[in-house]
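Heads up: the sequence lines are chains A and B, in that order.
Residue numbers for the first sequence follow our numbering, beginning at 1 and rising by one.
Residue numbers for the second sequence follow our numbering, beginning at 401 and rising by one.
It should be emphasised that the hints constitute simulated quantities derived from the structure, not laboratory data.
Since we're looking at a predicted model, the values are computed, not measured.
By construction, the Cβ of each residue, glycine as well, lies at the ideal position given by its N, Cα and C atoms.
The reader is advised that the hints may include incorrect statements.
[Unchecked claim] Straight-line alpha carbon distances no greater than 20 angstroms define the calculated EDC-like cross-link-like pairs of lysine to aspartate or glutamate that follow:
1. B:544 <-> A:73
2. B:464 <-> A:157
3. A:361 <-> A:388
4. A:94 <-> B:517
5. A:313 <-> A:191
6. A:94 <-> B:553
7. B:544 <-> A:65
8. B:464 <-> A:73
9. B:580 <-> B:525
10. B:464 <-> A:57
11. B:544 <-> B:529
12. A:377 <-> A:57
13. B:578 <-> B:599
14. B:464 <-> A:144
15. A:68 <-> B:599
16. B:560 <-> B:599
17. B:417 <-> B:529
[Stated by the list, open to error] Anything over 12 angstroms on all C-beta distances counts as not near chain B; from chain A, calculated:
18. 3
19. 48
20. 55
21. 121
22. 141
23. 145
24. 152
25. 181
26. 200
27. 203
28. 205
29. 244
30. 257
31. 278
32. 331
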Amino acid sequence: MASQLRVMMLTWEFPPRIIGGISPHVYYLSKNLAKEGVKVYVVTCDFPGAPDHEVIDGVEVFRIDSYKNPSPDFASWVYLMNMNMQKEAAAIVKNLGGVDIFHAHDWLVANAGIGLKHVFRRPLLVTIHSTEIGRRNGLHSDYERMIHETEAWLTYEAWRVICCSNYMVSHVKWAFNLPEDKLVMIPNGVDAREYEKSTVDLNQFRRRFALPEEKIVLYVGRLVYEKGIQVLINAIPKILEKVNAKFVIVGNGYMKEPLWEKIKHMGLAHKVLFTGFVDDETLRNLQKCADVSVVPSLFEPFGIVALEAMAAKSPVVVSDTGGLSEIVEHDLTGVKVYPDNPESLAWGVTRVLLDEAYANKLRENAYRLVVEKYNWKKISRQTKSVYERVLSEYSRTFWA
Amino acid sequence: MRVVIFSWEYPPRIVGKLASYVKELTWQLAKTGIETFLVTYHEYLTGEFENGGVKVYRVTNPVKTHISVLTWVLTLNQEVERVAANIYYKSGKRIDLIDVQDWHFIPAAVTLKKAFDISFVYSVESLEDHRSHGANSPFNMAIKSIEWLGTYEADAVVVKSNWMANEVIRAYKVPEAKVKIVNLETNHWLESILKVYRELKGGCCGYG
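Full structure from sequences and hints, please.
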């Protein structure tokens with residue numbers, strides 16, 4: 001092993017290409033690993049305007065040709081993109097004179113990670129951010145089974161499987177029949193300092209979204225069934241009975257149109273604002289203005305949006321499920337409510353909005369939790385120690 | 401000389417006429433004293449076999465459920481790479497060249513070339529343009545793009561007729577000098593293949 005630990009991250013998204021949560025995760029993890037003295041090479045898909053090769057915050061980024069012909073379907077594209085990623089990464093590794101570890105993120109880079117592992121005979125680690133069987137609540141077609149089996153193959157080939165919550169550890173262990181000692185829990189993180197950067201006057205900013213006398217109830221997430229946005233909409237009348245509020249909904253998804261029709265039918269159009277996607281700064285300012293942030297998910301591997309709200313010092317009301325159950329301690333760092341239960345959700349939201357002292361206590365506790373437990377410095381150190389443990393195990397194998 | 405052949409069919413797995421040709425080719429190569437390895441697919445007869453002086457490795461697909469031959473091929477390539485890498489590391493990190501039969505294992509050959517500087521020959525049995533004539537769906541285009549990658553990255557493209565030489569040049573703009581015709585109807589076909597192999601081996605690696 002070279003004196004400096006060299007890791008090659010494989011990810012289908014990295015800023016400025018942002019599709020979901022993997023992009024910021026890999027960005028913050030890589031940047032903080034670099035601060036811990038790890039040499040990080042990120043291999044990712046190309047993006048219009050972004051260079052093929054650059055160094056960002058101490059991280060060396062390579063962007064590969066992501067196969068831009070029309071593809072039969074998303075999964076076929078993923079495999080074709082992997083064909084390109086693998087050959088380009090092989091050339092990069094050769095030019096670098098080798099790397100110590102490959103670290104793949106989700107099945108979207110499974111083929112490239114597995115191929116590189118065998119070709120260079122180096123350990124492969126994977127972070128499983130989400131599973132097909134969880135996203136779809138079961139496997140209903142050959143397409144979904146193919147993705148599930150690809151995920152299983154990736155976890156089989158990996159030296160260690162990292163998950164971001166205890167909930168995901170047990171879910172992944174069940175889904176792929178993995179031995180206990182192959183799984184590692186390292187939480188996801190949030191950079192609380194990002195929330196101190198903006199110099200916008202929040203009182204002015206707030207007026208773009210709500211009347212001064214209205215409390216802001218904020219939802220951030222895709223507008224899809226498993227995120228439980230419909231539960232929040234059903235809770236609105238009960239909340240409005242007790243407190244005057246504006247419901248600000250950030251994000252897009254297939255449920256947007258039907259939900260908007262329903263809201264108009266309920267006579268609540270003046271109380272709900274759909275913003276669609278917003279830029280990072282607007283989102284952070286909204287989170288800072290929110291009198292309460294609601295995460296009503298039905299399925300949630302981790303729940304990063306709850307952590308972001310906590311970093312913005314917004315009180316959170318979350319459904320007691322998945323990763324959210326672990327992040328929030330009821331009455332201490334937030335309010336937990338029954339999943340898929342509008343009455344319970346309305347109870348949680350009004351409780352926070354009607355008791356300012358209680359809300360302030362939640363804000364303070366939650367912020368401290370984020371800074372102490374979910375900070376990237378700590379997470380990158382935990383990740384680095386997994387790398388070191390794997391390399392020491394590797395050094396005793398015939399591959400070394 | 402140490403040669404590794406990739407083919408998606410080899411007896412007892414017979415899809416078309418490629419299986420019997422690959423068997424003939426590998427057995428003849430072994431007879432001439434070339435250290436010949438074959439990496440191929442079988443659903444369940446996996447492992448290492450000695451067959452007519454040829455070291456045969458059969459791999460299966462780690463992903464059983466698929467939606468098309470394209471996705472099936474693309475998850476099988478990593479197994480081909482794994483076995484080829486094992487051959488490479490076990491034999492003192494030396495493979496003189498890879499001969500990939502048809503398009504299926506081109507991705508593996510390209511990755512191994514990038515990683516270890518191993519030259520490869522792309523032996524064309526048929527082209528997607530002929531198998532699915534005029535079809536230009538994303539599925540056909542994907543297979544064509546893999547065939548193109550083969551012609552682009554290969555050090556030589558071997559075809560079995562003058563007609564196919566022209567077709568490969570037409571379809572993928574391959575430089576003429578890169579296309580080698582091996583006419584299987586003649587009795588010196590093996591010698592023609594060996595000539596291609598020797599030229600590449602001399603050209604790329606410089607030993608013996």
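Structure-based check of all given hints:
For the hint linking residue 544 of chain B to residue 73 of chain A, the alpha-carbon distance of about 17 angstroms falls within 20 angstroms, and the restraint holds. Simply put, residue 464 of chain B and residue 157 of chain A have alpha-carbon atoms about 16 angstroms apart, close enough for the 20 angstroms limit, and the pair holds. For the hint linking residue 361 of chain A to residue 388 of chain A, the alpha-carbon distance of about 40 angstroms lies beyond 20 angstroms, and the restraint is violated. Distance check on the hinted pair: residue 94 of chain A and residue 517 of chain B sit about 9 angstroms apart at the alpha-carbon level, within 20 angstroms; holds.
For a cut-off of 20 angstroms, the pair hint linking residue 313 of chain A to residue 191 of chain A stands: about 13 angstroms separates their Cα positions. Between residue 94 of chain A and residue 553 of chain B the CA atoms are separated by roughly 17 angstroms; this keeps the pair inside 20 angstroms, and the hint holds. Between residue 544 of chain B and residue 65 of chain A, the direct Cα distance comes to roughly 17 angstroms. Compliance with the 20 angstroms bound is thereby established for this hinted pair. Of the supplied pair hints, the one linking residue 464 of chain B and residue 73 of chain A holds, its CA atoms being roughly 18 angstroms apart against a limit of 20 angstroms.
For a cut-off of 20 angstroms, the pair hint linking residue 580 of chain B to residue 525 of chain B stands: about 13 angstroms separates their Cα positions. Restraint check for residue 464 of chain B and residue 57 of chain A: the C-alpha separation of about 41 angstroms exceeds 20 angstroms, so the hint is violated. Of the supplied pair hints, the one linking residue 544 of chain B and residue 529 of chain B holds, its CA atoms being roughly 8 angstroms apart against a limit of 20 angstroms. A threshold of 20 angstroms between alpha carbons decides the hint, and for residue 377 of chain A with residue 57 of chain A the separation of about 14 angstroms falls inside it, so the pair holds.
Using a Cα cut-off of 20 angstroms, the hinted pair residue 578 of chain B and residue 599 of chain B holds, with the two alpha carbons roughly 12 angstroms apart. The suggested pairing of residue 464 of chain B with residue 144 of chain A holds, with an alpha-carbon distance near 12 angstroms, which does not exceed 20 angstroms. At roughly 35 angstroms between alpha-carbon atoms, residue 68 of chain A and residue 599 of chain B are farther apart than 20 angstroms, so this suggested pair is violated. The hinted pair formed by residue 560 of chain B and residue 599 of chain B meets the criterion: a straight-line CA distance of about 18 angstroms does not exceed 20 angstroms.
At most 20 angstroms may separate the alpha-carbon atoms for a hinted pair to count; residue 417 of chain B and residue 529 of chain B meet this at roughly 19 angstroms. Every Cβ of chain B is farther than 12 angstroms from the Cβ of residue 3 of chain A; the closest lies at roughly 24 angstroms, confirming the non-interface assignment. No Cβ of chain B approaches the Cβ of residue 48 of chain A within 12 angstroms, the least distance being about 21 angstroms, so the stated non-interface status holds. Against chain B, the non-interface label of residue 55 of chain A holds: every CB pair exceeds 12 angstroms, the least being about 23 angstroms.
With a minimum CB-CB distance of about 7 angstroms to chain B, residue 121 of chain A fails to clear the 12 angstroms threshold, and the non-interface call is violated. Once the 12 angstroms rule is applied to beta carbons, residue 141 of chain A is inconsistent with being away from chain B; the minimum gap is 9 angstroms. Remark: the non-interface label on residue 145 of chain A conflicts with the geometry, its nearest Cβ contact in chain B lying 4 angstroms away (cut-off 12 angstroms). Not every CB of chain B lies more than 12 angstroms from the CB of residue 152 of chain A, the least distance being 8 angstroms, so the non-interface label is violated.
The non-interface label for residue 181 of chain A is consistent with chain B: the shortest C-beta to C-beta separation is roughly 22 angstroms, beyond 12 angstroms. The beta carbon of residue 200 of chain A is kept farther than 12 angstroms from every beta carbon of chain B, the shortest such distance being approximately 45 angstroms. For residue 203 of chain A, the shortest C-beta to C-beta distance to chain B comes to about 52 angstroms, beyond the 12 angstroms cut-off, and the non-interface label holds. For residue 205 of chain A, the condition that its CB be more than 12 angstroms from all CB atoms of chain B holds, with the nearest at approximately 45 angstroms.
Listed as outside the interface, residue 244 of chain A is consistent with that label: its C-beta sits roughly 52 angstroms from the nearest C-beta of chain B, beyond the 12 angstroms cut-off. No Cβ of chain B approaches the Cβ of residue 257 of chain A within 12 angstroms, the least distance being about 28 angstroms, so the stated non-interface status holds. A cut-off of 12 angstroms between C-beta atoms confirms that residue 278 of chain A is not in contact with chain B; the least separation is 33 angstroms. The Cβ of residue 331 of chain A sits about 46 angstroms from the closest Cβ of chain B, beyond the 12 angstroms cut-off, so the non-interface label holds.
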